[in-house]
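Line order of the protein sequences matches chains A and B.
Using the numbering used here, read the first sequence as starting at 118 and increasing by one per residue.
Using the numbering used here, read the second sequence as starting at 5 and increasing by one per residue.
Each hint should be verified, as a subset may be incorrect.
[What the hints assert, rightly or not] Within a straight-line C-alpha distance of at most 27 Å, the following computed BS3-like cross-link-like pairs (lysine-lysine) qualify:
id	chain 1	residue 1	chain 2	residue 2
1	A	219	B	131
2	A	219	B	334
3	B	129	A	197
4	A	219	B	183
5	B	183	A	220
6	B	131	B	321
7	A	199	A	219
8	A	199	A	220
9	A	145	A	197
10	A	219	A	145
11	B	131	A	199
12	A	199	A	145
13	A	220	B	129
14	A	220	B	131
15	A	199	B	129
16	B	131	A	197
Treat the hints as calculated values from the structure; they're not laboratory data.
Letter by letter, the chains look like this.
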Amino acid sequence: MTGSSQGVGDPDAILEVRNISLSFQGIKAITDLSFNVQRREICALIGPNGAGKSSLLNVVNGVYTPDSGEILYGDETFRKLKPLDAARRGIGRTFQNNALFKKMSVRDNIMTGLSRHSRTNFIEHALRLPRARREEIDFTQRSEDVLEFLDLRAHRHTPVGSLAYGVQKRVELGRALVSDPTLLLLDEPMAGMNAQEKAEMAAFIKDINQHLGITIVLIEHDVSVIMNLSDHVVVLDYGRKVGDGTPAEVRANPEVIAAYLGATH
Amino acid sequence: MTDTTLTLDRNTSQPILIRERKSGQHWLWLLLAGAYLALPAIGNEYWLNAIVVPFLILSLAGIGLNILTGYAGQTSLGSGGFMAVGAFATYAFLLHLQLTFPVALFLGGVIAALVGFLFGLPSAKIKGFYLMVTSLAAQFFLEWLFLKVPWFYNYSSSATISAPRLDAFGINLSNSLGKYYLVLTVVAVLTWVAVNLVRSQTGRNWMAVRDMDTAAAVAGIRINHSKILAFAISSFYLGVAGALWTFAYLGSAGVQSFGLSRSFQILFIIIIGGLGSISGCFIGAAFISLLPLALDVIAQTLFAGRVDAGLLQNIQKAIFGALIIWFLIKEPDGMARLISNWRSRLSIWPLRF
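Please work from the sequences and hints to get the whole structure.
Shown next, in the form of structure tokens:
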């Protein structure tokens, strides 16, 4: 890991993506991409399929290592970050195709998100020593709060694998949320949902952003959802940035219209 | 086990009151009281020493492997080897340091845990089938070690070890009742510890690694730490089980008591009982130790003298294998799940549909 503090750039930015390039066996997924995410904003990444949106999230939380470029998060600069280190620094993440622990109950899934806050060791767990018991009560309470917030209490003891897709998406959001993240990366949190479920999820995201002050970077395809929800939109096409600004600015950008609507050249 | 009961409460603003009730705990205490008080009174010496003691020790070994395989999702065929480490290490502590048996037993388990830790290190890089092959290497290496290095069995001509004495802080445990109480106490305490572990953050981390290890890292779980901890704790249990098997059940044993067939036996216990279930270890061990007896009784009454005894033994093995295949197909979650399904079906009877 190459963490170093260089207080350069935008002081209000919590995340700076700087000249990131990523390729898979010679095929370029992301080319020289740079943008900033301000503290406490909702930033939407949009673009056609294969534009490199998920790959970018994977670079930010260390699932992929970029060929070049760096990520500034908080006051550290990274070339290469591991997913575990990203999680321990407060970067929460959900995936496009849910990455949940299928045989575990909803509440246990959510409680796994608290690992980075655990201060007890296995001997304390084994013998149920007072510190471990207190932590377990605390963790259970924190998970119950998240279950209540996301309207999941009725499912708390259900194995996640037997739940509907939309509910699983909420569980995954809960697992990321319970860890008290600073930055939340949501990969298509509304994929495969009907209009009502989408509206509910959008309300949850808005709440998380406004009341908990968590910065959110999300990928979404539904343009009306994005226009209502986000403060900042970054548009990708073929791994390049083609638009960056407020939703209104981006909507008026001819290059974005070309990328999205396939305007005739 | 927790049950959730939903009741409609119209008097408060909260429409649904959810109450969690711990059930089954009084049954556990009753079972324990029965094991401590009633069983020695009603059971004869043969029952205690030849059936109950091995059943308890096999349950303990099952818990050990289940922690590793059922909870943390790491496959292993080295159970027998780790049992041998526990047995031979306990023997060394008894012989050379003249420790009292419970202390020697605990330290024997710790040595087994260290060996488990070492053989668990490759799990950071190797998964699934390949990891199983690594554990097979551990099994064969440990078998070889305890046969080829005479120091481990104190240069005895039979290459076997037996306890110089069996006492706990001055109390003599070498009679059959003493051995029974020793085994029962160790198994009860370690079962309690295992239940604590699997219900804690440690246990949830294991299950997360088992279900999806890449997601576990993203959720902030230290994957390698979790896996290697599972190897060490699992080996501790197996080591203690191996020492009890040698000194409290067999009396004297060599490394051939902890061969690959022992590893398979422990694996069958957790498959039949249920992967990822502590109670399943006891159910699986009961099944494995009682089924041969039951088949024996049936065979004796039906075909007494008419069928060759060797043939009967082979038929037993065939029935055994068939049952394991049946379980793998019909109920991959084992008998523990089967029983809990029956229970929940019974609790809503007659509203079956």
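Tested hints:
1. A/219 - B/131: 19 Å, holds
2. A/219 - B/334: Satisfied, since the Cα-Cα distance of roughly 20 Å is no more than 27 Å.
3. B/129 - A/197: 20 Å, holds
4. A/219 - B/183: Roughly 42 Å between the alpha carbons, so the hint for residue 219 of chain A and residue 183 of chain B is violated.
5. B/183 - A/220: At roughly 39 Å apart (the allowed maximum being 27 Å), residue 220 of chain A and residue 183 of chain B break the hint.
6. B/131 - B/321: Between residue 131 of chain B and residue 321 of chain B the Cα gap is close to 31 Å, so the pair fails against 27 Å, i.e. violated.
7. A/199 - A/219: Status holds; Cα separation ~24 Å.
8. A/199 - A/220: Roughly 26 Å separates the two Cα atoms, so the pair holds.
9. A/145 - A/197: 18 Å, holds
10. A/219 - A/145: 33 Å, violated
11. B/131 - A/199: Holds, at about 20 Å.
12. A/199 - A/145: Holds, at roughly 22 Å.
13. A/220 - B/129: With a Cα-Cα distance of about 24 Å, the restraint between residue 220 of chain A and residue 129 of chain B holds, given a limit of 27 Å.
14. A/220 - B/131: Roughly 19 Å between the alpha carbons, so the hint for residue 220 of chain A and residue 131 of chain B holds.
15. A/199 - B/129: 16 Å, holds
16. B/131 - A/197: 24 Å, holds
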